[in-house]
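Spelled out from the first residue to the last, the chains are:
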Amino acid sequence: MVFALPVLLVFLLFSWGPIVKGLVMSLQQTNLVDPVKWVGLENFRYVLADPAVGQATVNTVWFTLLALLFGFPLPVLLAMFLSELRGRSWAYTTLAYLPVITPPVVAILLWRFFYDPSPNGMFNGILGVFGLGPFPWLDSPHSAMPSIVLEATWAGAGNAVIIYLAALTSVRTDLYEAAELDGAGIVRRVWHVMLPHLRGVLLLMLLLQVIGTMQLFTEPLLFTGGGPQNSTLTILLLIYNYAFVNGDYGAATALSVLLAVALAVLSAGFQLATRRWSTE
Amino acid sequence: MTTTAIRSTAALSASLTLLAGLVACSSAPSTAGDSGSGGQVTITVGDRPSSADPTNRAQFDKKVADFQQANPDIKLNPVETIWDATTFQAQAAGGQLPDVLSVPFTEPQGMIARKQVADLTKALKDDGLLAELNPNVLKIGQDQAGNVYAIPTAAYSIGLIYNRELFTKAGLDPDKPPATWDEVRADAKQIAAKTGQAGYGQMTTTNTGGWMFTTQTYAFGGTVENAEGTKATFDDAPSRAALQALHDMKWVDKSMGQAVLYDYDGIQKAFAAGKIGMYMGAPDMYRSVVVTNGLKPASFGVGPLPQQGGDHGTLTGGSVQIVSKTTTDAEKAAAIKWIKFANLNKYVTQDAAVTSAKNGVAAKQPVGVPGLPVIAADKYATYQSWIKPYVNVPLDNFAPYTKVAAEQKIIPEPPVKAQEVYAALDPVVQTVLGNAKADIPALLTKAAATVNAKLGR
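Chains as they are written, first to last, in full-length UniProt numbering: chain F, 1 to 280; chain H, 1 to 457.
Because the hints were derived from the structure by calculation, they are not lab data.
There's no promise every hint is true.
To be verified - Below are the DSS-like pairs computed for lysine-lysine, each with C-alpha atoms no more than 30 angstroms apart in a straight line:
(1) H:Lys231 to F:Lys37
(2) F:Lys37 to H:Lys454
(3) H:Lys231 to H:Lys139
Stated by the list, open to error - Now the stretches of chain F that chain H is said to cover, found in silico as 3 or more residues with beta-carbon under 8 angstroms:
(4) 45-51
(5) 130-138
(6) 226-236
(7) 245-253
Being a predicted model, the structure only gives us computed values, none of them experimental.
By construction, the Cβ of each residue, glycine as well, lies at the ideal position given by its N, Cα and C atoms.
So here's chain F without its partners, still in its complex pose:
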């Protein structure tokens, strides 16, 4: 116990300290210079009355749904495809993982260039050859969020692929052989051998993705600054604006607390709902 004490203290100080401090700040009005003023739940009232919070919540959930729809199945399929390739699969794995290594800022600047809305922009130029477009991509409130999802999926898929591949390598090869001997094609092998083995990982990744996408920040900040027309304003971007553009730390921490509570409830609910299925 004595030996654990320093670790425990460091943990308390650096991990729980800021959390508690955040909770306290959500009840204060402060600019971190003048003496703090206790305002009770006033910050929460202000935040909940701000129409931008409603808009940001809708946008964030919309992004999460889009990311689940497109971003979640893609790495699973890629991993299965890669695990079916014997021999050169390392080369394809590397290709799949490459975008992850690209620093997000660089990737976003690159994609901003791709998304140039003029007819001779990169994507529009290519699509124009087939008589499509030009599309406004980031410059329309309808397509801005899907465009961000597309980039985020490209940037993040590699990570998930590696995790799924690792899970798939733990599948005993005799199971595949047995399945093949029984005349199972690729579809049935996927359904009866791969998916059951991935179930635990899939559930965990699903939860992580929901939590991760709920905290979307870098992409809207660098792509659109929350625009056009607030269509890509996410909760985290709003928290950032409250704190670092407006200097309103009370409102920022109040909204952070609300987001943390929502995510905690979501995670607990998710765990309860899937407990039976994941340990079956």
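Put chain H on the given structure of chain F with help from the hints.
Relative to the frame of chain F, chain H by itself:
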């Protein structure tokens, strides 16, 4: 809002500063240098150009060295901190600001109210600098009682920047930029039709949308906040007319191209690439458009801000130097010496003016770009005569602006929470440019409610 400080790429450093700011909150360190008993004073000074900008960095470093040589009892510790809308509050709160820093005109009033900056009145009087400053511009950094908290070092008023080459190609006279918004509309239409490029462009993101909306509202005879800064005043006819003009250029004339999301850097790049005929901006954007982004100097033109329905005036902005609240009297005096040496000496001594101009020419930086004087008018005229032989910008291209700017009424930025107001107005402009069926009066009413909630907090 300074015309050099808003950068989308600065967001990259924002997350780092976010961390640094939070870490620093708990310990509240002082950035003030130690003033030793031997009379040696050390101060940290911000705005050192980054290593990505070697020419300006070398020039800055030389200035620091020269200053230290002339003032052996003062040691400067230059840092790369610059003002940025997205990081400034965190740095101020975290005690991360240097002892001397340049901030835009939007900031001093809020900082004075929050007691975040040092009172420089006595130190300025002792130095004699107070008497030399332009009293109109000095108001930006004074409180109600007339105490001075910030020293203006650069000022501008917004005009209309235009591409002279595109004007010629479109059959327009490049020496006659549009003087009214009706003319802007007509010229934009002609440029779009004859050249295929956007006739007119406007900044819309990272608070620049609100900044330019404010400018345009002023040009249409409106205001954005009342004088006390307690209420939004833009939910009225001039703002509606300003937005209607934008709407019609975009959707009726189709003279604004496809792109809607321009920030400060983005619009200069697009303009320098010849994709935009005109946009609202200050003459000092010459540097970023021509020197940084490579537009031919001959193509750069700037006129006064077009007006509508009368001569209403234009928005002014600029930079002031602030001094950290934690400084001692000795450090304050040192800070003022440095501010004067780095920014203002050239206006009052011929040697400094000539040296500064020569250095600028040697470093291939623009010398002689017109602006608003931060010192008394007669002194400014003398200064201009000193640097005349070194001016390396095409002054004729600035002539349409300078002819009008000297007489034009200047209107300051919204007095309270300007950046928050600008942020709330960004989506209004984006909606008008992104949605042909945008309900302009409803947008303004909604934004006014948002701004009123912020002003009341």
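Do the hints match the structure? See the list:
no. : hint                 : in the structure
1   : H:Lys231 to F:Lys37  : holds, 24 angstroms
2   : F:Lys37 to H:Lys454  : holds, 18 angstroms
3   : H:Lys231 to H:Lys139 : holds, 22 angstroms
4   : 45-51                : holds (count 4)
5   : 130-138              : holds (count 3)
6   : 226-236              : holds (count 5)
7   : 245-253              : holds (count 5)
Checked against the numbered hints given earlier, the structure satisfies every one of them.
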